[in-house]
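J.: Line by line, the protein sequences give chains A and B.
Note that numbering that gives the first Met the number 0 gives residue 147 to position 148 of the first sequence, counting from 1, and the numbers run on in steps of one.
Note that numbering that gives the first Met the number 0 gives residue 144 to position 145 of the second sequence, counting from 1, and the numbers run on in steps of one.
There may be inaccurate statements among the hints.
Keeping only pairs whose Cα atoms sit at most 25 Å apart, straight-line, the calculated PhoX-like set for lysine-lysine is [claimed, not checked]:
1. A/Lys17 with B/Lys209
2. A/Lys67 with B/Lys209
3. B/Lys773 with B/Lys719
The hints are simulated quantities; they were obtained by calculation from the structure and are not laboratory data.
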Amino acid sequence: MIANTKQQAVLNAIEENKNLEGPLLPILHRIQNDLGHIPSEHVGDIANALNLSRAEVHGVITFYHSFKSEAHGKHIIEVCRAESCQAKGGRAIEAAVKAKLGIDYEQTTSDGAITLEPVYCLGNCACSPAIKIDTQIYGRVTEESLSDLIDSIKAGQH
Amino acid sequence: MIRVEHPNDPSKDYGTPSPISHNDIADKADIDTVTGTIDGVEVTVFKGTSVMRAAAIADINIPKLCATDSVKAFGSCRLCLVQIEGRRGSPASCTTPLEEGMVITTQNTELADLRRGVMELYISDHPLDCLTCSANGDCELQDMAGVVGLREVRYGYEGENHLDEVKDESNPYFTFDPSKCISCSRCVRACAETQGTFALTIENRGFASKVSPSQSEDFIDSECVSCGACVQACPTATLSEKSIIEAGQPEHSKVTTCAYCGVGCAFKAEMKGEEVVRMTPYKNGEANRGHSCVKGRFAFGYATHKERITTPMIRNNIDEQWQAVSWDEAFNFAADKLKSVQAQYGRKSIGGISSSRCTNEEVYLVQKMVRAGFGNNNVDTCARVCHSPTGYGLKQTLGESAGTQNFDSVEDCDVAMVMGANPTDAHPVFGSRLKKRLREGAKLIVVDPRRIDLVKSPHVQAEHHLKLLPGTNVAFINTMAHVIVIENLYDAEFVAERCENDAFNEWMEFIRDEKHSPENNEKVTGIPADEVRAAARLYATGGNSAIYYGLGVTEHSQGSTTVMGIANLAMLTGNIGRRGVGVNPLRGQNNVQGSCDMGSFPHELPGYRSVADDEVRGTFESAWGLNLDNEPGFRINNMLDAAVAGQYKGLYVQGEDIAQSDPNTHHVEAALKNLDCLIVQDLFLNETAKFATVFLPGASFLEKNGTFTNAERRISPVRKVMKPLAGKEDWEVTQGLCNAMGFEMNYSHPSEIMQEIASLTPTFTNVTYERLDKEGSIQWPCNDDAPDGTPTMHLDQFVRGKGLFKVTEYVPTDEKVTRRFPLLLTTGRILSQYNVGAQTRRTENNTWHDKDLLEIHPSDATDRGIVNGDRVKITSRSGETHLTAVITERVQPSVVYTTFHHPESGANVITTDNSDWATNCPEYKVTAVQISKVIQSKKNSDWQNQFESFTEKQLELADIEAEETS
Numbered sequence: 000m001i002a003n004t005k006q007q008a009v010l011n012a013i014e015e016n017k018n019l020e021g022p023l024l025p026i027l028h029r030i031q032n033d034l035g036h037i038p039s040e041h042v043g044d045i046a047n048a049l050n051l052s053r054a055e056v057h058g059v060i061t062f063y064h065s066f067k068s069e070a071h072g073k074h075i076i077e078v079c080r081a082e083s084c085q086a087k088g089g090r091a092i093e094a095a096v097k098a099k100l101g102i103d104y105e106q107t108t109s110d111g112a113i114t115l116e117p118v119y120c121l122g123n124c125a126c127s128p129a130i131k132i133d134t135q136i137y138g139r140v141t142e143e144s145l146s147d148l149i150d151s152i153k154a155g156q157h
Numbered sequence: 000m001i002r003v004e005h006p007n008d009p010s011k012d013y014g015t016p017s018p019i020s021h022n023d024i025a026d027k028a029d030i031d032t033v034t035g036t037i038d039g040v041e042v043t044v045f046k047g048t049s050v051m052r053a054a055a056i057a058d059i060n061i062p063k064l065c066a067t068d069s070v071k072a073f074g075s076c077r078l079c080l081v082q083i084e085g086r087r088g089s090p091a092s093c094t095t096p097l098e099e100g101m102v103i104t105t106q107n108t109e110l111a112d113l114r115r116g117v118m119e120l121y122i123s124d125h126p127l128d129c130l131t132c133s134a135n136g137d138c139e140l141q142d143m144a145g146v147v148g149l150r151e152v153r154y155g156y157e158g159e160n161h162l163d164e165v166k167d168e169s170n171p172y173f174t175f176d177p178s179k180c181i182s183c184s185r186c187v188r189a190c191a192e193t194q195g196t197f198a199l200t201i202e203n204r205g206f207a208s209k210v211s212p213s214q215s216e217d218f219i220d221s222e223c224v225s226c227g228a229c230v231q232a233c234p235t236a237t238l239s240e241k242s243i244i245e246a247g248q249p250e251h252s253k254v255t256t257c258a259y260c261g262v263g264c265a266f267k268a269e270m271k272g273e274e275v276v277r278m279t280p281y282k283n284g285e286a287n288r289g290h291s292c293v294k295g296r297f298a299f300g301y302a303t304h305k306e307r308i309t310t311p312m313i314r315n316n317i318d319e320q321w322q323a324v325s326w327d328e329a330f331n332f333a334a335d336k337l338k339s340v341q342a343q344y345g346r347k348s349i350g351g352i353s354s355s356r357c358t359n360e361e362v363y364l365v366q367k368m369v370r371a372g373f374g375n376n377n378v379d380t381c382a383r384v385c386h387s388p389t390g391y392g393l394k395q396t397l398g399e400s401a402g403t404q405n406f407d408s409v410e411d412c413d414v415a416m417v418m419g420a421n422p423t424d425a426h427p428v429f430g431s432r433l434k435k436r437l438r439e440g441a442k443l444i445v446v447d448p449r450r451i452d453l454v455k456s457p458h459v460q461a462e463h464h465l466k467l468l469p470g471t472n473v474a475f476i477n478t479m480a481h482v483i484v485i486e487n488l489y490d491a492e493f494v495a496e497r498c499e500n501d502a503f504n505e506w507m508e509f510i511r512d513e514k515h516s517p518e519n520n521e522k523v524t525g526i527p528a529d530e531v532r533a534a535a536r537l538y539a540t541g542g543n544s545a546i547y548y549g550l551g552v553t554e555h556s557q558g559s560t561t562v563m564g565i566a567n568l569a570m571l572t573g574n575i576g577r578r579g580v581g582v583n584p585l586r587g588q589n590n591v592q593g594s595c596d597m598g599s600f601p602h603e604l605p606g607y608r609s610v611a612d613d614e615v616r617g618t619f620e621s622a623w624g625l626n627l628d629n630e631p632g633f634r635i636n637n638m639l640d641a642a643v644a645g646q647y648k649g650l651y652v653q654g655e656d657i658a659q660s661d662p663n664t665h666h667v668e669a670a671l672k673n674l675d676c677l678i679v680q681d682l683f684l685n686e687t688a689k690f691a692t693v694f695l696p697g698a699s700f701l702e703k704n705g706t707f708t709n710a711e712r713r714i715s716p717v718r719k720v721m722k723p724l725a726g727k728e729d730w731e732v733t734q735g736l737c738n739a740m741g742f743e744m745n746y747s748h749p750s751e752i753m754q755e756i757a758s759l760t761p762t763f764t765n766v767t768y769e770r771l772d773k774e775g776s777i778q779w780p781c782n783d784d785a786p787d788g789t790p791t792m793h794l795d796q797f798v799r800g801k802g803l804f805k806v807t808e809y810v811p812t813d814e815k816v817t818r819r820f821p822l823l824l825t826t827g828r829i830l831s832q833y834n835v836g837a838q839t840r841r842t843e844n845n846t847w848h849d850k851d852l853l854e855i856h857p858s859d860a861t862d863r864g865i866v867n868g869d870r871v872k873i874t875s876r877s878g879e880t881h882l883t884a885v886i887t888e889r890v891q892p893s894v895v896y897t898t899f900h901h902p903e904s905g906a907n908v909i910t911t912d913n914s915d916w917a918t919n920c921p922e923y924k925v926t927a928v929q930i931s932k933v934i935q936s937k938k939n940s941d942w943q944n945q946f947e948s949f950t951e952k953q954l955e956l957a958d959i960e961a962e963e964t965s
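Okay, chain B solo, but in the shape it has when bound (with noise of 0.2 Å):
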């Protein structure tokens, strides 16, 4: 057998894609090969690969337009013609598989007339306008008229013809423009290949097909989820971007990771010098293998909006007007006011807490500075508020804090289990790419109390949607497994080869108890026992199951037993330590696997190793040189409670916005108004900074080098392609402060940074800058004994040895509905705004969601008046807040279900403070409420008033300096 290498020039487009999985090529598994003879070149290729395919590898490119490699071969353009020996007539290359010996010519003079001909058909319907043309240097159409040597059109331009079609320009992003269109299918495919949306069709029939969203809609009111990918694969300027159209083509590009949620998509920054003019979907990303969503494809302008902060800013206190200073002013102003803080009310008084949202490098730098120049561990991250469960809960079980697979991984799985995730809004990419498997056959269970888009869209449909109640996550991962265990449906091998037997025999007796039945737990959860039952039939016997999971799971009471349920469930039934499988958390924001790796919680030095084992902080300490202590620190929840209770005085927070996304808004805000000194660094006035004294200005993604580790431990290189608009890259200022508190930092270059922490952390010995440079990507654990990465974890034995069981009793939230608070409230997020919408928020995708509402069930709305569109209060045992309502069967009854992504909704004035039981992880997810209509004057409460006019004049005493100086 002939060893094929697989071709992946990023820039080439081979025409139709490979026939080969990304998995079998990274297993170099013998695949059969075919050679043939194009244009006297013998060429060898994977069987199943097409002549345009197979030409493109020997560098033979046959002109084409309805073929890219991105969707499958459509053979509706004829333009792609070629004769095979043996064959009568002239079939399309892209839809010919290659086959043994077989001999192709690609250019001759009847293939050129044939050709020309085509082409002649297609410039007689098309504008003659290439030179004021936004698609003009990337048109494909324009390169096929060039290659094929047009030279006239016999037929006139005065024909019935296309070419005052009017302009779609309903998208804040991209216009259609359908008089340029050759009706190739191409982004009609992409919507529905690569996307899985299914938006786009072509309407009626010959002279008459034209694309139509939807039902002849414009693109913003049709089922476009604007993801780009239609836009992508345009081969004309029919599709383009309006960043395009107004400045024209790019003439650099930088591969760069997108700084959204934790998918970590490879974007091509396209350049004019400065200017990001476009983000394009990198090809060769592994993570997002060349698609996008409409965050990390549009959503960049918030770089460069017109309310970034760029110059460091200090004041004596919050009522104060702010006061533009040097950077060694605004350091040497905080490392003065936290000394003299410390001086005061003792060494661990002050403390920082780093960002999910920054790179590794700058993440290291913070629990450095903490840990050496503040002299404690009070460091934690925003990861405490959303994923610390998974981190606590999966070392437990597994011995590594991190998911198991690759995304790749999808492609081999034959049951998705996805528990208290929505991918579909909150990791698009990725949901795109479980759609496409669910749409080869594999089979979704759904687990969540909200009817999220998964559970059924175009060609997808959950075999069991489990609408458990908020809360009882625990009490029916509990149920799955027992009716695993007592259908003995279980891998006993596999347990009995991998897993600790004691701990497995213990958890068996608590497992097999009758209480864990469907029966008994429908009371619980709500769930059927029947469906419940046939869901762990189908998870324990559909061949390789994965479960995939988010927020939903973590954010509870008991997110890490949840989380040690979630990996037994992995466990019992083998799935686990092959591709296909695996326990697979969705991480919320684009680094909050890197930054719990770099020794973020206060516990745990980088690699999670305990800051009270003294080998581990001894090589800390010489490479430090100085002694580290020895005790864990403060969580942000204790931050906040000892700064309510006055102990608490200095807090550096860098790129995280605690006063908008941490539960109980009115304590949060407490603690930071008691703060002597609370630094914040940022791209922008946020509402944490509202509080602050010192504000240090940050750098986007775009402004800076570094890396990020996705969801599947994937560290991808963020590269700075604009200078930083405030003059330095986060990492520079935490030095820099770090500097002036007088522990000394000299980095020149992140890269520095990387090294130091290759240095100390056993997973990433082996990761440098310039692998990363060469190889795209890598996935940790990257040393000696896995020196290539670890694309799957736990191959032939689990990081702590054996499998360890442990015991998930389920333990009722005390957050239990009552007759003052009858309905339980649970939030989550919406495609087109992330997080607290800092970034998103200040972009045109405010078009699809400006402002958060509250979703309710009819049967509640009726029992209350309400109708949709109504003014609403929603009420806990923590606050209020007014919401407008939407009326939905989303929602079951006595669930209500929002969103948190602008500051004004006060989702978190209503969220309690009650947390996950090891990590101190919020329950966000489940909150007592009651819900009742108010009158149109009342249309805010009284903390969204106060909010209103605090921020007003925050926003004054912030404006009016930063007018002075500019």
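So here's chain A without its partners, still in its complex pose (with noise of 0.2 Å):
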């Protein structure tokens, strides 16, 4: 049943976007939005749709990070660790959110509720540190603030 709903998410993004110049990112983007994750065994649907191989397919999906291979938690929260954040505090915010998760990088907290990523420069450098939660964005994150933000997430008002 599962596999079908996956599969049908995966068709439904190649119709909409099939006919567009350059489909494979829109497609890509709208079955991660869809699924949080474009699920490997689909690549070779979208391949065939787009009469690429599915090495390239994947060879693109790969390339990006924001695609997801695998499903990961319901929310994501991505820790900047470039020069400006790490100059203003950013490595205890990021000793935090793990001490607070329990987990590391690249992992997902035991309810599927959270996963952690890192992040290279969010262009939210004048106001350092900053950390993206889904879609928005948070700076002059303190350690209380991300508290409360990871807090929200978990009563669900995220």
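Two chains, two frames, a set of hints: combine them into the complex.
T.: Structure below.
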């Protein structure tokens, strides 16, 4: 049943975007949005629809960090590790978020709620240190504000 | 304009490809040039040439890693940096085209520092095991480290690295060792640009970048087709042939010609002593242009397979043990038998069959032995069962029994119509060249009952896939012509000027008939009227249109008619007589063209000239010093029929396995059993040899000198790289037998045979071994009228003068579906196996295809309760056999498909003895059958059980002897 839903999502994404010029990225975005990842067993469907090889589609998916090949947590917290954020205490934020969630980078909390990822610059340097939760960027993060944000995610308020 | 010579030193890598096409080079077209100065040397090159290539032409070799001249410049390794006067920075020489007046410096301290810095980074993440590395002596990374003068790596080797990456050894022929990879992408680009499969990518990014077959799979599970282009392109040991890992680098090499399909690729046989350690596609090979497929590149191990028979053997009957004897004993035994058969049953009771896998010289000798030594014209060749309709049909219409183009022609083609051919499987290197042209924008029409890979694969999609029912080719081709005529899309000027008018008018009357309309023929062919109409318009108006066809055209009861229909279509639209167009038969075996050219047919002397022509026959009679029979002899099927009838008693078969390859196995076996003397000359105890009483060991293409002629009429040298395992080359064996028969032959080298061929065959007059050595290959006709050979035929006029339109009435085959046999079986080939499989089955190619399968459409399978992997019975009017079913939509409903690479499959037990009306080419492509599921305990049919026990017995009879003599 789930497999069917997945395939349907993939086929829908293909159908909606295949006539665009350069349809691969829009298709991948759509699938990523709908499923939270791009199931590798359906890469063949995408390749077939666009007359590409599976290798080519795989190359594009793995090139972009934002495309996931496997399901991740319901929410993604990205912590900036670039120069500006590090200069403004980002390392402490990194340590705090890991401690609070009890996981390392590229891991997901056991309840499947949150995946933690490093990121190298969110373009928010003026308000370092910065993190991003799903699509929302937060600046001048402190250990306290971070803790509150995580609590609000857990409470389902995000 | 300055004339610039096109450099083509095959041992040199110019870094980037020439900007000029092969065809423009051949035409010596006027192409703009630019002149620049590189390190003080003035260099003039074609416009568009990279600085790197220009420098290489001037023998200034800029360091490089990611650049190689088989793929486009990429600019990733940053080693080929140069300085250009008046420009800032240090651009990559591979991606910078030379411009007029440019002044370039390739070497100075600053560049040296930059390069050393780049190299230092590469080496900081590369194993330092050069001395024990398989690429030692053939590694560009090693070379470049030397060239840039790398002396230390300041970063150390302790940091994060890729040295522990795990090897992928899944492919039987090469390994992938990512720890040695420098991520230059040459393999990825070769897979895309050269082969056109796109099976490789670079996954991830930055430090995590890694070459990935498909989706991080092992090579063997990925989309890879094992053509070897990636291995060829790899500058390090990352992708290495297992044979090289095992044996080490070769120490000498010889250029020769592949013995598989009719593409006739040129290869370098790379040797250690007498051992072939690697076959690499030869860069200057004009058929393959440096590319290869899994067969030619890797599947050469059969030549030294333990089942090779290396001593002559004789026996009195097929239930006796084989006795190993000397060559002379075998010759005398065979000759005595043949002579006594002739004494008892008459001069015409014996004959011979030559092989399209043997050289021109060997084939020529076989027909000479039969005509002069046997005293009759009972000689035929395996082309009988594949492309004989091509010979007949093209001779009738155009005047010459051969394809009209060279393979380079495809580079100028705008519309390719591929009919009854499956190039990516059966002619893979041509398939890749066609795909390249399709990616450049040429359009494709596929005419095939089955969805071949060309219909849809990465970056290729046929404009039209016309899924006709097997057996309706003529109806289809007439419909195409009808649409073109009715819609007035034909080239009236070309036809008026180049073709016979009366015949054309007669044909026009025929083809205008409404019965050929798409709507009418839709019922016959199954192709929707609109679809065929659109395809006809595309073919007629799409620019340069070329037809490529294969055995799906010829192996029918109307094979010759379809060939003539194809020629009609090309003449009608003026698509003949120049580059990019034409009628292109894709020949099945390496020397089909050559074996036909050499007079292998019972009615024709070399050069397709009738044995009944007194003048022509006279030239052979005076050269050979005896009178020749002026009556055509038996074709293969006549021989078999006469053998069954007891009138034909002696047969010499060189390098063909009629018991497996010819239709209606029951009939063939009955014929072979009825012979008094069957002489088989082959590498292995093949299926036919199991019925033989004389076995003469053959030599593989690596063990002899000679020439092969490919589908483009290209005569290419075959060169001996090792001693014949049995001591004799095949031409020596024929000569020995012929001498024992009492007709003297005294050749000491195949070049003398070629001399004789040239002296007696007008299309070969100027062909010599000296010229082949110098020029690499020659396309016939090559004579005083065409001293350089003939890449494109029928340029200003047809060989026969005016082109002849032939009326091509569609006559349905007798092989019709009925309630008893409701499905149509058609047969074909697969990439990894070749023909009857005698060679490829004795290599690791079995990894890909170890048994023949029956493809069946889901709806036909469901009707019969068949699921994937079921054992099924296939029954036809001729017989029955059992195969394993694979359910696929590649075939259309009511059509089933199989291959014939494995003898135990018995594909030809089912095929019938229907054949082409003109040439008797068997109708392999259409057999009405029924399919039903069998229970597991009935795994094999009765024939298969008999086959198994007969094979076991025959192997015992040979093996025991073989062991005693070894």
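J.: Hint by hint, note whether the structure agrees.
T.: Each hint, compared with the structure:
1. A/Lys17 with B/Lys209: violated, 29 Å
2. A/Lys67 with B/Lys209: holds, 17 Å
3. B/Lys773 with B/Lys719: holds, 17 Å
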